[in-house]
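Trainee: Chains as they are written, first to last, in the working numbering: chain A, 687 to 801; chain B, 687 to 801; chain C, 687 to 801; chain D, 687 to 801.
Please note that a few of the clues may not be correct.
Which copy is meant is left open, because identical chains are indistinguishable; a pair holds if it fits in one copy or across any two.
[What the hints assert, rightly or not] Subject to a maximum C-alpha distance of 25 Å in a straight line, what follows is the list of computed DSS-like cross-link-like pairs (lysine-lysine):
| id | residue 1 | residue 2 |
| --- | --- | --- |
| 1 | LYS776 | LYS721 |
| 2 | LYS798 | LYS757 |
| 3 | LYS721 | LYS798 |
| 4 | LYS757 | LYS721 |
Keep in mind that the hints were calculated from the coordinates and are not lab data.
Each chain, letter by letter, is given below.
There are 4 protein chains.
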Amino acid sequence: MPTVVNSTVQQYQMCIDACIKCMQACEECLTSCLKEPDVQSRSHCINMLRDCADICAMASQWISRGSMYVKQFCQLCATICEACATECAKYQDNHCQQCADFCRECAEECRKMAA
Amino acid sequence: MPTVVNSTVQQYQMCIDACIKCMQACEECLTSCLKEPDVQSRSHCINMLRDCADICAMASQWISRGSMYVKQFCQLCATICEACATECAKYQDNHCQQCADFCRECAEECRKMAA
Amino acid sequence: MPTVVNSTVQQYQMCIDACIKCMQACEECLTSCLKEPDVQSRSHCINMLRDCADICAMASQWISRGSMYVKQFCQLCATICEACATECAKYQDNHCQQCADFCRECAEECRKMAA
Amino acid sequence: MPTVVNSTVQQYQMCIDACIKCMQACEECLTSCLKEPDVQSRSHCINMLRDCADICAMASQWISRGSMYVKQFCQLCATICEACATECAKYQDNHCQQCADFCRECAEECRKMAA
């Protein structure tokens with residue numbers, strides 16, 4: 687990873703990495719949910735995953751660029767990741783359970799950034 | 687990283703990782719270029735970095751979701767990364783030289799995906 | 687709309703407008719498809735809509751900034767819009783039929799840009 | 687524009703339109719700022735424009751999809767648009783003055799959505 691030089695930058699890097707893992711898990715989980723036999727009961731979960739994937743992708747860009755709005759953006763990202771984790775945790779598939787874990791980790795890193 | 691299970695998926699993961707490193711390097715490099723005393727002569731480079739950061743971010747989302755258009759998207763991403771590498775390599779700053787390296791690695795991984 | 691001054695710029699503006707209408711129609715259609723009783727048979731359509739919404743949104747940004755890669759980006763956007771139109775046209779709901787129309791109009795404008 | 691059926695939807699449409707005009711103005715203004723002889727003194731403005739263009743683009747997607755987080759997203763979008771308007775208004779070029787106007791209008795529509 688580029689330019690990891692001190693503790694602030696390490697925290698940035700941890701948050702970028704968490705956002706990317708969460709984005710990836712959400713995109714994969716959404717694709718998998720669409721193939722499940724009970725997809726009809728998953729529309730709320732799928733809508734959460736759309737938002738969560740998008741905000742995590744943009745958060746990783748904004749942290750990278752050193753945006754002035756990183757704290758506020760990460761605070762909203764944390765809220766959405768937490769809600770997405772709660773929703774995904776309701777489904778027993780591996781992809782949902784794993785996604786819930788990545789969402790929770792991302793929420794935690796984003797809260798640290800927002801603090 | 688989520689769900690790495692076989693060689694195709696490993697290739698996907700390598701491309702996602704390369705796209706993210708390249709996106710991050712481009713966003714950082716753009717921010718740094720804006721602070722350089724010769725920023726006026728860097729407008730072409732900065733415009734390349736905008737496009738390269740964006741397409742790498744979206745490529746990582748599309749690979750993650752298993753888009754039908756991954757090959758075509760990665761082919762265009764490779765073209766842009768290669769051009770961005772050539773442009774960044776002209777500047778002697780660390781951030782430009784590092785960014786050129788990440789762009790070249792991403793171009794290579796994207797070409798493999800597009801093959 | 688900002689700065690419409692001549693025929694090239696008018697063509698740019700028509701393509702931006704078509705991309706935005708298509709993005710909006712795809713996002714709305716995806717949300718509506720998730721509520722349909724036959725959502726299970728629509729996973730391919732939903733995956734097309736995800737890609738189409740994203741590429742149209744980015745196309746509108748790249749045209750606005752005057753990216754060097756507008757032609758190549760719009761060419762890929764046209765391919766995806768055309769495929770999304772074909773897929774949406776299979777469903778009889780208003781939202782799918784309307785979305786197919788917006789996708790076709792966007793494909794046409796993007797082909798003009800790519801020419 | 688698709689599916690304008692009542693006052694809530696009209697407000698949604700007005701906000702989407704304002705976000706798109708603001709995104710376009712920001713992307714155009716950023717490209718123009720990079721060509722100005724005093725670009726070196728505009729780095730803060732350029733960084734604001736990057737964030738403002740991105741958040742307006744994503745806001746238009748989230749409003750279109752009917753995201754649960756529209757209010758919170760639009761509130762942050764309004765904050766960033768307002769700050770970008772203030773920054774752009776400092777420069778006397780047409781592109782900066784026009785961009786400031788589009789940013790202010792978008793901030794106003796986003797505040798209505800967030801209310």
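Trainee: For each hint, tell me whether it holds in the structure or not.
Mentor: Status of each hint after checking the structure:
{"no.": "1", "hint": "LYS776 / LYS721", "result": "both (17 Å within a copy, 19 Å between copies)"}
{"no.": "2", "hint": "LYS798 / LYS757", "result": "both (9 Å within a copy, 23 Å between copies)"}
{"no.": "3", "hint": "LYS721 / LYS798", "result": "neither (35 Å within a copy, 28 Å between copies)"}
{"no.": "4", "hint": "LYS757 / LYS721", "result": "between (36 Å within a copy, 22 Å between copies)"}
The structure shown violates just one earlier hint, number 3.
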